[in-house]
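Participant: Spelled out from the first residue to the last, the chains are:
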Amino acid sequence: MFLSEAATGGPQFFYLAPWIVIFPAIGLLINLIFGSRFSEKVIGAIASTASGLAFGVAVLLGVSLVGHPEGEIVSLIDWITIGALQVRWAFQVDTLSVVMMLVVSGVGTLIHIYSIGYMHEDVRHNGDPGRYRRFFIYLNLFIAMMMILVGSNNYMMLFVGWEGVGLCSYLLIGFWYDKGKDGIGNALAAKKAFIVNRVGDFGFLLAAFTMFWAFRTFDFQEVFAKAPEVAAAAPGMILAITLFMLLGVTGKSAQLPLYVWLPDAMAGPTPVSALIHAATMVTAGVYLVARSAELYVLVPQAQMWVSLVGGITALFAATIAVAQFDIKKVLAYSTISQLGFMVAAVGMGAFAAGMFHLVTHAFFKALLFLSAGSVIQGVERGEHHVDHDAKLHKLLKGSGHHFDPQDMRNMGGLRSRMKTTFVVYLIGALALAGIVPLAGFWSKDEILAEASLLNPTVYWLLTIAAFFTAFYMGRQIIMVFFGKPRSAPAEYAQESPPVMTVPLMVLAALSVLGGALNLPGMHTFTGWLEHTLTFIHPGEFNLVVAGVSTGLALLAIILAWLLYSRRYQALQALPTAKRPDDPLRPILGPIFTLLENKYKVDEIYDALIVKPYAALSAFLADVIDWKFWHDWFHDKIIAGGFQLLTRVLSVQVDLGFIDAIGNALGKGTRAVAGRMSLLQSGYVRSYMLSVVVGLVLIVGFLLLR
Amino acid sequence: MLPATYYVGLSAILFIIGVVGVITRRNAIIIFMSIELMLNSANLAFVAFARVHEAMSGQVFVFFVLAVAAAEVAVGLALMVSIFHTKHSIDVDNISSLKG
Amino acid sequence: MTLELILFIILALVAVAAALGMVLSRNTVYSALFLILNFVTVAVFYLMLNAAFLAMAQITVYAGAIMVLFLFVIMLLGAERIPGEDKLPWQKPLAVFLGFVLLVETGYILISRSGILPPAPTAGEGFGSPEAIGMVLFNQYLLPFEVTSIVLLVAMIGAVILSRRVK
Numbered sequence: 152m153f154l155s156e157a158a159t160g161g162p163q164f165f166y167l168a169p170w171i172v173i174f175p176a177i178g179l180l181i182n183l184i185f186g187s188r189f190s191e192k193v194i195g196a197i198a199s200t201a202s203g204l205a206f207g208v209a210v211l212l213g214v215s216l217v218g219h220p221e222g223e224i225v226s227l228i229d230w231i232t233i234g235a236l237q238v239r240w241a242f243q244v245d246t247l248s249v250v251m252m253l254v255v256s257g258v259g260t261l262i263h264i265y266s267i268g269y270m271h272e273d274v275r276h277n278g279d280p281g282r283y284r285r286f287f288i289y290l291n292l293f294i295a296m297m298m299i300l301v302g303s304n305n306y307m308m309l310f311v312g313w314e315g316v317g318l319c320s321y322l323l324i325g326f327w328y329d330k331g332k333d334g335i336g337n338a339l340a341a342k343k344a345f346i347v348n349r350v351g352d353f354g355f356l357l358a359a360f361t362m363f364w365a366f367r368t369f370d371f372q373e374v375f376a377k378a379p380e381v382a383a384a385a386p387g388m389i390l391a392i393t394l395f396m397l398l399g400v401t402g403k404s405a406q407l408p409l410y411v412w413l414p415d416a417m418a419g420p421t422p423v424s425a426l427i428h429a430a431t432m433v434t435a436g437v438y439l440v441a442r443s444a445e446l447y448v449l450v451p452q453a454q455m456w457v458s459l460v461g462g463i464t465a466l467f468a469a470t471i472a473v474a475q476f477d478i479k480k481v482l483a484y485s486t487i488s489q490l491g492f493m494v495a496a497v498g499m500g501a502f503a504a505g506m507f508h509l510v511t512h513a514f515f516k517a518l519l520f521l522s523a524g525s526v527i528q529g530v531e532r533g534e535h536h537v538d539h540d541a542k543l544h545k546l547l548k549g550s551g552h553h554f555d556p557q558d559m560r561n562m563g564g565l566r567s568r569m570k571t572t573f574v575v576y577l578i579g580a581l582a583l584a585g586i587v588p589l590a591g592f593w594s595k596d597e598i599l600a601e602a603s604l605l606n607p608t609v610y611w612l613l614t615i616a617a618f619f620t621a622f623y624m625g626r627q628i629i630m631v632f633f634g635k636p637r638s639a640p641a642e643y644a645q646e647s648p649p650v651m652t653v654p655l656m657v658l659a660a661l662s663v664l665g666g667a668l669n670l671p672g673m674h675t676f677t678g679w680l681e682h683t684l685t686f687i688h689p690g691e692f693n694l695v696v697a698g699v700s701t702g703l704a705l706l707a708i709i710l711a712w713l714l715y716s717r718r719y720q721a722l723q724a725l726p727t728a729k730r731p732d733d734p735l736r737p738i739l740g741p742i743f744t745l746l747e748n749k750y751k752v753d754e755i756y757d758a759l760i761v762k763p764y765a766a767l768s769a770f771l772a773d774v775i776d777w778k779f780w781h782d783w784f785h786d787k788i789i790a791g792g793f794q795l796l797t798r799v800l801s802v803q804v805d806l807g808f809i810d811a812i813g814n815a816l817g818k819g820t821r822a823v824a825g826r827m828s829l830l831q832s833g834y835v836r837s838y839m840l841s842v843v844v845g846l847v848l849i850v851g852f853l854l855l856r
Numbered sequence: 454m455l456p457a458t459y460y461v462g463l464s465a466i467l468f469i470i471g472v473v474g475v476i477t478r479r480n481a482i483i484i485f486m487s488i489e490l491m492l493n494s495a496n497l498a499f500v501a502f503a504r505v506h507e508a509m510s511g512q513v514f515v516f517f518v519l520a521v522a523a524a525e526v527a528v529g530l531a532l533m534v535s536i537f538h539t540k541h542s543i544d545v546d547n548i549s550s551l552k553g
Numbered sequence: 051m052t053l054e055l056i057l058f059i060i061l062a063l064v065a066v067a068a069a070l071g072m073v074l075s076r077n078t079v080y081s082a083l084f085l086i087l088n089f090v091t092v093a094v095f096y097l098m099l100n101a102a103f104l105a106m107a108q109i110t111v112y113a114g115a116i117m118v119l120f121l122f123v124i125m126l127l128g129a130e131r132i133p134g135e136d137k138l139p140w141q142k143p144l145a146v147f148l149g150f151v152l153l154v155e156t157g158y159i160l161i162s163r164s165g166i167l168p169p170a171p172t173a174g175e176g177f178g179s180p181e182a183i184g185m186v187l188f189n190q191y192l193l194p195f196e197v198t199s200i201v202l203l204v205a206m207i208g209a210v211i212l213s214r215r216v217k
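Protein chains in written order, with our numbering: chain A, 152 to 856; chain B, 454 to 553; chain C, 51 to 217.
Don't read these hints as lab results, they were simulated from the structure. Bear in mind the structure is a predicted one, so any value in this text is a computation, not a measurement. No incorrect hints appear here.
Restraint ranges, calculated between C-beta atoms of paired labels, are given here:
1. Val518(B) with Ala815(A): 45 to 55 Å
2. Pro169(C) with Lys552(B): 51 to 61 Å
3. Gly833(A) with Gly114(C): 30 to 40 Å
4. Ala815(A) with Ile211(C): 48 to 58 Å
5. Leu455(B) with Phe122(C): 33 to 43 Å
6. Gly114(C) with Glu507(B): 27 to 37 Å
7. Glu507(B) with Gly833(A): 41 to 51 Å
8. Gly813(A) with Val518(B): 47 to 57 Å
9. Glu507(B) with Glu135(C): 49 to 59 Å
Built from N, CA and C at the ideal position, the CB exists for glycine as well.
With the hints as constraints, model all of the structure from the sequences given.
Facilitator: Below is the structure:
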C-alpha cells in the first residue's frame, strides 16, 4: 500500500523509535504512581492514550519507511560492554519490525479501549474493583515489553522483551489468581504458562550462547553478515542455533510439544487472551524465525523441522478445537492451529506469507476473542438478570449445577439478542475459516500455495487443518448464535456497551479489508518486506489450491450446519438424560471423548514429566538434601566433626595444653616468688648481707679478671 | 714515714670488722656504731692517701665526712628514739615490715 | 724496726682489738666505750700522718660529741641488752666467712700491688696545719663548706621532729 506510492525522499521520523517503548512506560508509571486517585475512566484513558501514542509513532515510522525503505538503527544507549562484546539498547526500524509494531500497538490500542468497558464489568463480576488499575498497568507494561521485543536490533535486547512479555503473560493469566478451580486454578494456569515458557526460553538462551560462541556478537546485522561464512566453516553451528531457537519458538508461540500452556492461559481476562495469547505475544516466535530468516535459509534441515512442527501443530490443535465446549478454549486451540500455519510458513521459507498471516490473524483472532468476551459478558448479564428476577430464579432452582457463562452448551440463539456481536463474530469466523474475500482467505491461501510448492507434506497437513478450522468455527457460530437459547441466562443475554462494540467494528473492518495488504498479483506486503528479507519468496496465487481450500471450507461449514443446526435442534427434543451434549459424540464415540480430553496430552505430560519430576524433586529434597546432606553430611559429618574437633580443641588442646602452659607459668611464678620472697625477709641485716656478698663477688671478679 | 700500705691495710681490717658488725648484730645502736667504725676506717685511708700525695683535699674530705657523720648520727639516733617509742625495742629483726 | 713501726703495730693492735670489742660486746655501753678507744687510736694515726687538726677534730667531734650522744641514747632507751634469740643463726658464721674472704681479697690486693703507691715524701712545712686546712677549705671548698652547714641545720631540724612524741 505504502510502497505503491514509494518515493526516494519523504519525511523521516526514525529518531522517534524509542518512543514506542517510552509512551507505554510513561502510561504505566502514571497509572502506577497516581492511579489510585483516578477514576476508572481516567485510568483507561491514560493507558489507551499511551498505547495510541505508541501506535502513532509506529505509523510515523511506517510513513518514514515509505521514503527510506532501507530503515535505520536508532541507538539509545550502551547496555553491556565486556571486551569485544558490545550490546546496545538500539531500535531496528525496518519494514519487518515496523509491521510488528503497527500490529502490536494498533490491535493493542483497540484492546485497551475495549478493556475500558470489559474490565469495568469484569472487576465487578469478580468482586474486586481495585484491580482495574492493575490491569491497565500490566497491559501497558506488556505493550512496552512487546515493543522492546520487536524493536530490538540484537538478540539480547530481544530476549529482554521476550522475557518481559512472558512476565506480563504470567501476571495477566494469574490476574484473578484467587479464582478458578479450588480458588487456585488461575494461579496454577499462570504458573504452568511461566514454567512451560521457561523451557522454551532455555532453548532461546542456548541459541544465544551458541550464537555468541560462533559469531562473537548479538547484533542482527553482524550475525547475518557473518552467517554465510560461519555456515561454510561450521554448518552444524547454525543448525544448532536454529534448532535451539525452534525450542524457544515452540514455547512462546505454543507449538508442539510446548503448546500446553496456551489453553490454560484462557484463565486470564478475555482482552488478555485477545491481545497476548492470540494477536501479539504468541506471534513473537513467528517474528523471531522471520527475523532470523538469514540463518534459517542456510540450513534446510532446520527449515524442514520448523515447518513440520508448524504443520503438525496446526492439524493437531484444529482437531482438538472440534470437541471443545468452552468458547474461549475453542479459540485457544484455533490460535495454536493458526500459529502452526504461520510457523510452517516461515519455516519453509515463505516469510512474507507467514508474516501476512500473522497480521491478518491478529485482526480476526483479536476480533473473535473480544467478541467472545462480549458474548460471555452478555451471558453474564443475562445470568445477573435472572438472579435478580425472583420468579425466574425460583423456576431455575431445580437445575442445580453451577452456571458456566463460557460453556457453549449453555448458549444458543444469541443472534437476535446481541446483534452487533453476532455480525462481527461472523466476520471473524468467516475470515478464520478462509472464505473469499475476507483477510484470512488471502493469507491462508498464500501459505497453502507456497506449501504446495515448497513442502507437499506440510501442504496436506495444513489443508486438512483448514478443513477442521472451518468446521469448528461453523460449529461455534451455530452453537452460540443460532437455534434456541439452551439456558435462562442466554435467553436474557444483553448487548455490550459501545466502548466494547466500536473496537469490535474496527477490527471487523480490518478483518474484511486486511487481505488487501497482499492481493495476488500486487504483492504489496511482500514488496514491503523485501527491503528487510532480501531472499523473500514471491508467492504465486494458485487457483487449484485456492479452489481446494475454499471448497473444503464450504464443505466443512455445510457439514457443521447439518450437524449442529439440523441434528442438534432435533436432539433438543430428547429428554435431558438421554440427550447427547454434542451431535458428534454419538457419531465419533470414543474418538470424540479423546478429542474432548485434548488427546490426554496434559495427562501424558503429567505422567511422563511432571510426576517423575516431582518424584525426583521429592527424592532430591527428602533423601538427598534432607537425609543425606542435612541429616548425614551436615549434622553428622560437619556439625558432629566440628563438635568433636571443638571438644578436642577445648578440652585437650585448650585446657590440656594452652591453659596448662598458662597455669604452669602462673604456678611456677608463684612458686619461684614464694622462694624469692624468703629473700625479702624484712631483716635489714639480710639485705646488708646480700650487699656484702655482692661486694665480695665484685672484688673477686676484679681480681680474677 | 711508714709505707701507706700499712695504713690502708689497717683501714681495710677496721672496715671489714665494721661490716661484720653490721651484719651480725641485732642491736640497732651497735649497727650504727659499726657504721661509724666503717666511716672512720675510710677516713683513715683518706688521710693516709692525702699524706702520700701531699694533697690537702684528702684532709678536707675527712672534715666533710666528720660533718656528715655528725648529721647522720643526729638523725639516726632521733629515728632510733622514734622507733623505740613505737616498737619498744631497738632490735632490727623486729623491724621487718618489709617482709615480702 | 723503727720506733714509728713499733708504735704503729701497738696502736694498730689496740685499734683492731677495740673494734672487735665494739662488735663483740654484749653490752652496748661497752661497745660504745670500745669505739671511743678505737677513735682515739685512729686520732693518733692522724697525728702520725701529719694531720694534727683532724686528730683534734676526731677526738672532739667523734670521741667527744658523737659518742656522748650514743651513750646518752643508750642510757635513755635502756637498751644495753637486746632480749630474745637471734632469728638468723646462720647469718653470723656466714658474715664471718664473708669478712674473711673480703680480708683475703684486700690483703691480696695490698700485697700484690704494694709498689703502686709512691713512697711518701717528707711532709712539707705546715702540711696539715689548721692554717693549711683553712686555706683550702675557705678557698677551694667554700661552697661545699656552706652546704655542709645547711646539711647540719637540716639534720638538726630532722632530729627534733623525729624525736618529738607523737600525740
